Amino acid sequence: MRRKVVCDSSSLISLSMNCMLPLIVELSESADFMITKTVYDEIITNPRRSGHHMMGPLQFSALIKNGILQVEQANQSMVSDILSLSNRTYYTHHAPLEIIQRGEAEALALASNSGILLVDERTLRFLIEAPKQLRDLLQFRTHHGVSMDESMRRAFQRYCEGIKIIRSSEIVAVAYEKGILEKYFLGEAREVLATCLWSLKSKGCSLSTEDVEEYLKMLK
Amino acid sequence: MVEIQTLIDQSIEAVDKKDALALRTISANALTEAAVVGHRELILMALVDYALSKILSKIHYQEIDEKFYGKITDEFKKARPGPKEETLKHLEVIEDLVIKLDEKEGRFEDNVIEKAQIKKAANLYEKGFSLRRASEMTGADPVRVLEYVGGSKIHEFRSPGKNAERLETAREVFG
Chain A
-7 MRRKVVCDSS SLISLSMNCM LPLIVELSES ADFMITKTVY DEIITNPRRS
43 GHHMMGPLQF SALIKNGILQ VEQANQSMVS DILSLSNRTY YTHHAPLEII
93 QRGEAEALAL ASNSGILLVD ERTLRFLIEA PKQLRDLLQF RTHHGVSMDE
143 SMRRAFQRYC EGIKIIRSSE IVAVAYEKGI LEKYFLGEAR EVLATCLWSL
193 KSKGCSLSTE DVEEYLKMLK
Chain B
5 MVEIQTLIDQ SIEAVDKKDA LALRTISANA LTEAAVVGHR ELILMALVDY
55 ALSKILSKIH YQEIDEKFYG KITDEFKKAR PGPKEETLKH LEVIEDLVIK
105 LDEKEGRFED NVIEKAQIKK AANLYEKGFS LRRASEMTGA DPVRVLEYVG
155 GSKIHEFRSP GKNAERLETA REVFG
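Here the protein sequences come in this chain order: A and B. If you're matching positions, the first sequence starts at -7 in our numbering and goes up one per residue. If you're matching positions, the second sequence starts at 5 in our numbering and goes up one per residue.
Calculated from the structure, these hints are not laboratory results. Bear in mind the structure is a predicted one, so any value in this text is a computation, not a measurement. Every residue gets a Cβ at the ideal spot worked out from N, C-alpha and C, and that includes glycine. Careful: at least some of the hints might be erroneous.
Claimed, not checked - Restraint-style ranges between C-beta atoms, simulated for each label pair:
1) S42/A with H43/B: 21 to 31 Å
2) S156/B with M140/A: 50 to 60 Å
3) E205/A with T77/B: 13 to 23 Å
4) K82/B with E205/A: 16 to 26 Å
5) N105/A with K81/B: 51 to 61 Å
6) D128/A with E17/B: 33 to 43 Å
7) M140/A with D69/B: 26 to 36 Å
8) E21/A with S156/B: 32 to 42 Å
9) K82/B with K57/A: 51 to 61 Å
10) L25/B with E205/A: 49 to 59 Å
11) E121/A with V41/B: 20 to 30 Å
12) K81/B with S69/A: 43 to 53 Å
Please work from the sequences and hints to get the whole structure.
Laid out in structure tokens, this is it:
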């Protein structure tokens, strides 16, 4: 069965800045890549308006026109619920910390019911997978006591059930294993893999040095 | 909790003394407070103080007219008593003064406020806010924030033990 992969703009931007969007084209033979309207605006409308990163809209528009990326509307009542719950989970001085925005909530709503979320930025990933660690991070970095509302967290987690998260690094890893990388990047295979992973890291994919080294050990 | 008036007083003193490091510290304190309470004037304070610290620390800005700093401290003084709308209005005047100076004297296409927005958005992201939320709060371009973050050590703070699981998921999906 073909799986649905909901893409966040952070991953698409990391891949685009590293000339790796052809990997998405290749992998679209096995899965459906989807984006929300907000992500569409972030990767196409806004860069066109601001004049920065103008190559991005040209590349992404082609992917959409060719059916590689599909634009889907998320369930708006689910989006509102997710937004309200996530932004009332962490508190300082009894005031909630608004940590995510509509774009993240839409991606999550679209991926709910066992979808795959492709996201390179860290916060949404932590919120879904490691909410206590996110509280520790907020506390450590804001120098304020941060508490977590357990009932909000549990209600939020219901929307995350079955969702699996991958990053652009996993796209590269699978492309390496399937022999796709070598079609687009010439060089000794292990060196190409390492270069691709380090490049993703340097363009903002939330990979630590340890993550990259672990990948290089895991992939034969 | 740090009051905006305290931050403004500290900023006036730092500008008078041409103390770039003090302005950086005030900017960081304003941002930390803004992260918690989300007030626009604190964000603006963080941005203008950071931009002013950059202006004070660059050699090619050393020759700029002293009147510039006089105008800045005047606007800080007008911003101090409030109310909030007045504070915001005068901080925005400072933002405009900085942008105009940078248009005239700057060496880069981007102005120093845009650089401050990227830097401060990356700081908010580092604190645990999402990339979108951090960009929205500061007005930064999220693409440029992502690039900035990539060149930093922000992602060295990791969640443990998920790489093998993620790889397995990717193999299942695309296998």
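Each hint, compared with the structure:
1. In this structure the supplied range 21 to 31 Å holds for S42/A paired with H43/B, their Cβ-Cβ distance being about 25 Å.
2. For the pair S156/B and M140/A, the supplied restraint of 50 to 60 Å is violated, since their beta-carbon distance comes to about 27 Å.
3. Separation of E205/A from T77/B is about 51 Å and departs from the stated range, judged on CB atoms against 13 to 23 Å.
4. Here the CB-CB span from K82/B to E205/A is close to 54 Å, at odds with the stated 16 to 26 Å.
5. One distance hint, 51 to 61 Å for the beta-carbon pair N105/A and K81/B, holds here, with the actual separation near 57 Å.
6. For D128/A and E17/B, the hinted distance range of 33 to 43 Å is satisfied, since their beta carbons lie about 35 Å from each other.
7. A beta carbon spacing of about 52 Å between M140/A and D69/B contradicts the range 26 to 36 Å that was offered as a hint.
8. Take E21/A and S156/B: their Cβ atoms lie about 36 Å apart, and the range 32 to 42 Å holds.
9. Checked against the given bound of 51 to 61 Å, the beta carbons of K82/B and K57/A, roughly 53 Å apart, stay inside it.
10. The beta-carbon spacing between L25/B and E205/A, approximately 36 Å, falls outside the hinted interval of 49 to 59 Å.
11. Taken as a hint, the range 20 to 30 Å holds for the pair E121/A and V41/B, whose Cβ atoms sit roughly 28 Å apart.
12. At about 49 Å, the CB distance of K81/B to S69/A agrees with the hint of 43 to 53 Å.
Figure legend: structure checked against the earlier numbered hints; hints not met, in rising order: 2, 3, 4, 7 and 10.
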